[in-house]
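Chains as they are written, first to last, in our numbering: chain E, 1 to 228; chain G, 1 to 225.
By construction, these hints were calculated from the structure, which means they are not laboratory data. From a predicted model like this one, the values you see are computed outputs, not experimental measurements. Just so it is clear, CB atoms sit at the ideal spot from N, CA and C, and this is done for glycine as well. There could be a bad hint or two in this list.
[To be verified] Now the stretches of chain G that chain E is said to cover, found in silico as 3 or more residues with beta-carbon under 8 Å:
1. 77-85
2. 154-164
3. 173-184
4. 203-210
[What the hints assert, rightly or not] List time: in silico DSS-like cross-link candidates among lysine-lysine, alpha-carbon distance up to 25 Å:
5. G/K160 <-> E/K212
6. E/K70 <-> G/K160
7. G/K160 <-> E/K217
8. G/K51 <-> G/K202
9. G/K22 <-> G/K6
10. E/K184 <-> E/K101
11. E/K3 <-> E/K203
12. E/K203 <-> E/K217
13. E/K214 <-> E/K69
Chain residues, written in single-letter form:
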Amino acid sequence: MTKRIFEITFEVVTFLLMLAALYAIFIYAPIEKTMGIVQKIFYLHVPAAFLAFFAFFITFLASIVYLYKKDQKWDVIAYCSAEIGVLFCTIVLITGPIWAKPVWNVWWTWDPRLTTTLILWFIYLAYLMLRGVVRENQRANLSAVFGIIGFANVPITFFAIRLWRTIHPVIITSEGINISKPMKYTLLLTFCAFFLFFLSLLKNRIKLERLKIKTEKVRAVYEEIFSS
Amino acid sequence: MIFFRKLWAIVWKDLLSELRTKEMILSMCLFSFLVLIIFSFALGAEVMNLKTIVPGILWVVFIFSGLMGLGRAFGAERDRGTLPGLLLCPLSPWGIYLAKMVGTFIFTAIMEIFTLSIFIILFNLNLLPFLLPLGLIFFLGTLGFSAIGTLFSAMSAATKSRDTILSILVFPITVPMLIAAVKATETILAGKTVTEVYSPLKILIAFDLIYLLIAYLTFTFIIEE
Chain E
1 MTKRIFEITF EVVTFLLMLA ALYAIFIYAP IEKTMGIVQK IFYLHVPAAF
51 LAFFAFFITF LASIVYLYKK DQKWDVIAYC SAEIGVLFCT IVLITGPIWA
101 KPVWNVWWTW DPRLTTTLIL WFIYLAYLML RGVVRENQRA NLSAVFGIIG
151 FANVPITFFA IRLWRTIHPV IITSEGINIS KPMKYTLLLT FCAFFLFFLS
201 LLKNRIKLER LKIKTEKVRA VYEEIFSS
Chain G
1 MIFFRKLWAI VWKDLLSELR TKEMILSMCL FSFLVLIIFS FALGAEVMNL
51 KTIVPGILWV VFIFSGLMGL GRAFGAERDR GTLPGLLLCP LSPWGIYLAK
101 MVGTFIFTAI MEIFTLSIFI ILFNLNLLPF LLPLGLIFFL GTLGFSAIGT
151 LFSAMSAATK SRDTILSILV FPITVPMLIA AVKATETILA GKTVTEVYSP
201 LKILIAFDLI YLLIAYLTFT FIIEE
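This is chain E alone, in the form it adopts within the complex (with noise of 0.2 Å):
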């Protein structure tokens, strides 16, 4: 019961962060003097840059753990963010050009770390792929290593596309950040508020990969019974 009420707490309250964060984004937050209103999409695009590669970085560890005990709640776990990762990930290549276009007057540059996030992108959608075209008894373990493949994968790229100049704006630098107050502070609440939503999406993902995997074994009992 108190798990239960927990559980409803914890919806209420996300929900309530991501009403503030909306607030903070759209009425609190100054405009930008020189980008202008399009700066905002930056509210939304760096928590869900942060959150996909924390996304991808469970799937990761997820699938070391799973190599190692051979508990399928791992695999569910690795399977489930990756799932959420790639849609953070969707979101931050789909709102990076829209503000890139008015600001670098182009929708793409081969930066590292936007084409490290687009290898990234690609390399998780293979993993989902990968899990949905594999032998069923195989699916856990080639899955697993393909998520720690996946993720070695990214410095690699980083330094390798470094081989070329970068142009992305470094907001973030050893000195602290480097926006006005009122944004820093709407950063901080769409970044909680975001991780909020985030650990709920994946809870919910979890929770649901377990029913099926529940339904499926209630299904194989019955269709034994069904056909003796």
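Given chain E's structure and the hints, the job is docking chain G onto it.
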């Protein structure tokens, strides 16, 4: 020592069975020849500044034709039903992987040498003065390609739509190798010395080592049913 003798036995088996049919190596070479022809038609008769596009063409041909050979590495074993026999070899999974990788490397290298000779004739390019540094780059690039390719070949052999999934898996992962290899080839062809390609070479070496290490750690899970 015994490890290497066992390893060589598997490599030799692959070479021998390929030598009997010549099915794969011929199709790889023919395919790369055709892609080169397509490229020369697509680029037109007179290409300005050939040396800047040569590395790109070469590596695209290598990867496309190499992909044909990759699928066969484990796909053929599964088709013939010899995969369980191979896995029963008194050799660790890592040894089996390494043997298959050496086989893939040899086939890809033969195809590359063939492609290069055709390329020199068709595009009238003198590669001889750059042979040594280019050889090093091609060696490292092909090693990395075979390392991940063999791993994915074993993976895709367990799927329903083998070749499609193989290319979807291989292409995004080879991106860093491709960038570094093309960059290095370009620099060498521009007449610069080997010291100027250190950074791409470092990436190529890191790529090879990382994927060989991952294969060492995970190959046993791929063949496990």
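So, going through the hints one by one against the coordinates:
1. Counting residues of the stretch 77-85 of chain G whose beta carbon lies closer than 8 Å to any beta carbon of chain E gives 0, which falls short of the minimum of three for the stated coverage.
2. For the stretch 154-164 of chain G, the assignment as covered by chain E holds, since 5 residues bring a beta-carbon within under 8 Å of that chain's beta-carbons and 3 suffice.
3. Counting residues of the stretch 173-184 of chain G whose beta-carbon sits less than 8 Å from any beta-carbon of chain E gives 7, enough to reach three: the coverage restraint holds.
4. Closer than 8 Å: that is the beta-carbon criterion, and the stretch 203-210 of chain G has 4 residues meeting it against chain E, so the requirement of 3 holds.
5. Pair hint G/K160 plus E/K212 holds up; C-alpha atoms about 22 Å apart against a cutoff of 25 Å.
6. Proximity of E/K70 to G/K160 is assessed by CA-CA distance (about 24 Å); at most 25 Å being required, the pair is judged to hold.
7. Simply put, G/K160 and E/K217 have alpha-carbon atoms about 23 Å apart, close enough for the 25 Å limit, and the pair holds.
8. Between G/K51 and G/K202 the alpha-carbon distance is near 23 Å, which keeps this suggested pair within the 25 Å criterion.
9. The straight-line distance between the Cα atoms of G/K22 and G/K6 is roughly 24 Å, inside the 25 Å bound, and the hint therefore holds.
10. With a CA separation close to 24 Å, the supplied pair E/K184 and E/K101 stays within the 25 Å bound.
11. Between E/K3 and E/K203, the direct Cα distance comes to roughly 13 Å. Compliance with the 25 Å bound is thereby established for this hinted pair.
12. At most 25 Å may separate the alpha-carbon atoms for a hinted pair to count; E/K203 and E/K217 meet this at roughly 21 Å.
13. Distance restraint check for E/K214 and E/K69: the Cα-Cα separation of roughly 21 Å lies within the 25 Å cut-off, and the hinted pair is therefore satisfied.
Consistency note: the structure conflicts with earlier hint 1 alone.
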